[in-house]
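Assemble chain B onto chain A, guided by the hints.
2 protein chains.
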Amino acid sequence: MKLTDIYWYLRPDIIKIEKEIENNIDARHPVLEEASSHLLKAGGKRIRPVFVLLAAQFGNYDLNTIKHVAVPLELIHMGSLVHDDVIDDAELRRGKKTIKSKWDNRVAMYTGDYIFAKAIELATYSDNPELHHILADAMVEMCIGEVEQIRDQFNWQQNFRIYLRRIRRKTALLISVSCQLGALVAGAAPEVQRQLKRYGYYVGMAFQITDDILDFVGTEKELGKPAGSDLAQGNVTLPALYAMERDRRLNYKIVSFLQQSGTEAIDMKSVIQQIKQTGAIHYSKKVADMYLNKALTALEPLPESQAKEALTQIAKYIGDRKF
Amino acid sequence: MKLTDIYWYLRPDIIKIEKEIENNIDARHPVLEEASSHLLKAGGKRIRPVFVLLAAQFGNYDLNTIKHVAVPLELIHMGSLVHDDVIDDAELRRGKKTIKSKWDNRVAMYTGDYIFAKAIELATYSDNPELHHILADAMVEMCIGEVEQIRDQFNWQQNFRIYLRRIRRKTALLISVSCQLGALVAGAAPEVQRQLKRYGYYVGMAFQITDDILDFVGTEKELGKPAGSDLAQGNVTLPALYAMERDRRLNYKIVSFLQQSGTEAIDMKSVIQQIKQTGAIHYSKKVADMYLNKALTALEPLPESQAKEALTQIAKYIGDRKF
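Residue numbers (numbering that gives the first Met the number 0), protein chains in the order written: chain A, 0 to 322; chain B, 0 to 322.
Honestly, the hints are just simulated from the structure, not real lab data. Treat the hints with care, as some may be off.
If several chains are the same, the list does not tell them apart, and a pair holds so long as it fits within one copy or across any two.
[Stated by the list, open to error] When the alpha-carbon atoms are kept at most 20 Å apart in a straight line, the in silico EDC-like pairs for lysine to aspartate or glutamate are as follows:
(1) Lys101 x Glu244
(2) Lys101 x Glu147
(3) Lys220 x Glu120
(4) Lys95 x Glu190
(5) Lys285 x Asp83
(6) Lys285 x Glu147
(7) Lys169 x Glu120
(8) Lys1 x Glu147
(9) Lys15 x Asp25
All figures in this text were calculated on a predicted structure; none of them were measured in a lab.
Pulled out of the complex, with its shape left as it was, chain A reads as follows (with noise of 0.2 Å):
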């Protein structure tokens, strides 16, 4: 099954959702324009609106409002990738170059910024007071995860609670908003916005998890760039984490690789094959599956209803995530 089985039913509204995301970034200015679209075609799951919209479900659903908080959200994502490629030194995203790569690092940070500003914009059609501060504060928490990954960057003296922190801010945050919000606008009761709130942010976290375990156990076509990206741009996760707790040897090679920042080689194939043989892999998949469990849980309380049949089959869909 695919992801996009799961929500069939919405494939119209998606549709309209990404014309909107297109006509929106539509700059009229050659070099913003030539970015955005370059952008625009790496495509994306555009997961951040489904949750928006499978939330709206629990209340009035109309798209026209909707529209106004799924949009700037995927915005705010897309200009988020923007700049983390700056962060990351990125070449490749999803197989096609990166912005920074494309162009340069300036660019890169303006179309960055003009994305998040037509977000903004966008945003400012929905009067929902209530709306634009979760909205502001997100984006808010979400910069000061930027940060903390730069910090954290080619830094071997970190931990599990430093790395969950900064998956939080850097992923689970705008999908547990993207959740919320779309209940919000909908006008669903207040205890339905708070679990979906909470079935966002666990997704979340099990959501980042398997991203950061795909990049050591997938395969450079299914990742759109080289097995081990995350650990050769100095970004440490849980499996590279857990692994350096448990073997000792392998733990001195990744420090030495982080202290020299990454400017000399490091043999990223026998790296992985060692984090693998810690069992590295599947302790992360266990952390994971306890955030999906916390998900499913969140979304007991909820009416049944298609919906939620298909937050719950999304959660288990990452459980189960290959790509």
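Just chain B, lined up with the frame of chain A:
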């Protein structure tokens, strides 16, 4: 006379605004904290908050309402300076090391992002939807302006029109919005808002042109960076554009320099001398004066008041300013 003498009576409120800015970029996060406080200490004229306060005097002046506009506007300005320094590859601003030079481009990118996000967060405390639209539009325009600046950097095929459009987005717009929003949040009549918006636009244009003149006529001590920095960073401003039209040999010299993206050394002292000899400074001053006259005309229909007098004085001050 100093600029601050014009609005001396606002001093207690400006101190409060300054304090609010300080409290709000207090990130409780090592890198951000340091970078932001470095930025704060570098000072600045805080001219945007001043315009907000003065414009608010045309309505019901209440600092608690006004600050939700004044602080975000200054933060947006500060954030854009941090990102500008990345674009301009600038080492110094106001005699202090820039964030990109004290840390690096990545820290500058994220410090700017964080400050922008904070600005938006604070603006959400104001519940006027019109305000959010105007602010968001301004941010989008500013972003496009910055992209234009990248595009135009080291580009020798420019004209006055391109220059004016660029400074409109870069400077005039935010000052215009400061005046407009100050009047808006104070509940001033729409006609008053409109005139103040016009005033701000013209004053902003004159302000930037004067800045661009000073970059050639100021001393390193006055400027806090070497004279001719704009041109050295590939930013071709009005005096240079005028001089290039007038002096063919100088044109050739500057074009060669720009074509090499500033990689080859240029005798900036002699270039500045030659620019001055074409009458470029006199011409640019005349253009600035033209905008200042328009600014004063925009004020005319407004009722006589302390604020109107101060705005008049500020326009005149900009025409005479030496640093």
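Going down the list of hints, with the structure as the test:
no.: 1; hint: Lys101 x Glu244; result: neither (38 Å within a copy, 35 Å between copies)
no.: 2; hint: Lys101 x Glu147; result: between (26 Å within a copy, 18 Å between copies)
no.: 3; hint: Lys220 x Glu120; result: neither (37 Å within a copy, 40 Å between copies)
no.: 4; hint: Lys95 x Glu190; result: neither (42 Å within a copy, 51 Å between copies)
no.: 5; hint: Lys285 x Asp83; result: neither (27 Å within a copy, 45 Å between copies)
no.: 6; hint: Lys285 x Glu147; result: neither (25 Å within a copy, 49 Å between copies)
no.: 7; hint: Lys169 x Glu120; result: between (22 Å within a copy, 18 Å between copies)
no.: 8; hint: Lys1 x Glu147; result: neither (34 Å within a copy, 42 Å between copies)
no.: 9; hint: Lys15 x Asp25; result: within (16 Å within a copy, 40 Å between copies)
Checked against the numbered hints above, the structure violates hints 1, 3, 4, 5, 6, 8; every other hint is satisfied.
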